[in-house]
Amino acid sequence: MSEIIGYIFIVIGLAFDILGCIGLIRLPDVYNRLQATTKCVTMGTCSILFGVFVIKGFSSTGIKAILCLVFLILTAPVAAHALARGAHASGVKLWSKSVCDMYEQDKGEGKR
Amino acid sequence: MKNKAVLFIIGFIIWILLGWPPDVQHVIAGIPAAAVVAFLTGDMFARRPFRFGNIIRYLWFCYYVPLFLWECLKANIDVALRVLNPRLPIKPGIVKVKTTLKSDTGLTFLANSITLTPGTFCIDIKPEKGILYIHWIDVRSKDINTATQLIAAKFERVLKRIFD
Amino acid sequence: MKSGYFRWIVGALALTAVLLFISIYPIPSLLKWQSPLLSRCFFILMVCFGLCLIRLMLGPTPADRAVAIDTLGVLIVGFCAILSIPTGRDWYIDIAIAWALQSFVGALALAKYMEGRGFDE
Chain P
0 MSEIIGYIFI VIGLAFDILG CIGLIRLPDV YNRLQATTKC VTMGTCSILF GVFVIKGFSS
60 TGIKAILCLV FLILTAPVAA HALARGAHAS GVKLWSKSVC DMYEQDKGEG KR
Chain V
0 MKNKAVLFII GFIIWILLGW PPDVQHVIAG IPAAAVVAFL TGDMFARRPF RFGNIIRYLW
60 FCYYVPLFLW ECLKANIDVA LRVLNPRLPI KPGIVKVKTT LKSDTGLTFL ANSITLTPGT
120 FCIDIKPEKG ILYIHWIDVR SKDINTATQL IAAKFERVLK RIFD
Chain B
0 MKSGYFRWIV GALALTAVLL FISIYPIPSL LKWQSPLLSR CFFILMVCFG LCLIRLMLGP
60 TPADRAVAID TLGVLIVGFC AILSIPTGRD WYIDIAIAWA LQSFVGALAL AKYMEGRGFD
120 E
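First to last, the sequence lines map onto chains P, V and B.
Just so we're aligned, residue 0 is where the first sequence starts under numbering that gives the first Met the number 0, counting upward by one.
Just so we're aligned, residue 0 is where the second sequence starts under numbering that gives the first Met the number 0, counting upward by one.
Just so we're aligned, residue 0 is where the third sequence starts under numbering that gives the first Met the number 0, counting upward by one.
None of these hints come from the bench; they were simulated from the model.
For the chain P half of the interface with chain V, some residues (derived, Cβ under 10 Å), not all of them:
(1) Thr-41
(2) Gly-61
(3) Lys-63
(4) Ser-97
(5) Val-98
In silico DSBU-like cross-links for lysine-lysine, where the CA-CA straight-line distance does not exceed 35 Å:
(6) V:Lys-141 <-> P:Lys-96
(7) P:Lys-96 <-> V:Lys-97
(8) V:Lys-153 <-> P:Lys-92
(9) V:Lys-128 <-> V:Lys-90
(10) V:Lys-125 <-> V:Lys-95
Derived coverage of chain P by chain B (criterion: at least 3 residues anywhere in the stretch with Cβ under 8 Å from a Cβ of chain B; other residues may be distant):
(11) 9-17
(12) 30-36
(13) 77-90
Just so it is clear, CB atoms sit at the ideal spot from N, CA and C, and this is done for glycine as well.
The following block holds chain P by itself, in its conformation from the complex:
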């Protein structure tokens, strides 16, 4: 029984993984791509790890999978945030149909 629930979690995680990778291909600029990958791929991988925990139970593998899940959910948004800030500082423009860019305005005011 627990194996079936675990495999269901793993399949859901794989579906989110592949949707995040499609988003990485389809969306138009760096920030939108980061939106897709950091949500879908992180949660997909966390779902896979949780499935491993459900299958293995409280053995050494399951406990380490939970530890890895907590670590991933804490660090993946920080890495994505650092990458976005680096991209903005290195001068990557937003998509041409974007609505507004308050960050660029504020940086311009700071320099003057």
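Given chain P, work out where chains V and B should sit, using these hints.
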């Protein structure tokens, strides 16, 4: 000193979890390892360690986790529908959001939960002014107060009770 | 606008064809421990790796490539986690934890490099 004690306990728990199931050799080897780590890096860990003894904060944290997971699930389905739609219905932009949180841990948790919730993504934090810059995949309002209501309000209410 | 729809149809057809091929084709088990469901999981993760590598190849700016590398790191963590089920060896999860750490530090270093500042800040 209390700082280092808290870090020692956390490091020791992680050591035991990494070597599950625990046996005597493993636990004895863990004590000096956690002590060295706590002695070297204890000063950078937490600025106000007396906060760790407060039970009410843990209860609010238990309320925060399911809220966060539910928002995460909604975010995933939202992004999946946007990606699969052939017309690609996105209207991106960067907006500003005000916050009243002061502590570093609280700001980090706010930025993380904003990043993993539907359609929003934190780009930069200015802690001295209390302003977050947020990339929004579907801009509904450019005004700073409305954006704060829509994006940050529901997490800020809970996180204020946990970390401040 | 027309070309956008055309590209969407071509991409959707190609992806559906690949996924159908993976789910229908009787994959010969390479090793003794592979169950059919898990070997299909590996092939689906291979498709994800392929999509990331396409973005790594095409990406117009260095930032896109950094994002693709970060995504690859998270996917490899999932790959190691699945690999630990049929083999029953727990050190695959150790590899996953170490890989997550290394990928996080690598992403931070790439971000600092793109920002154009030194590493000492």
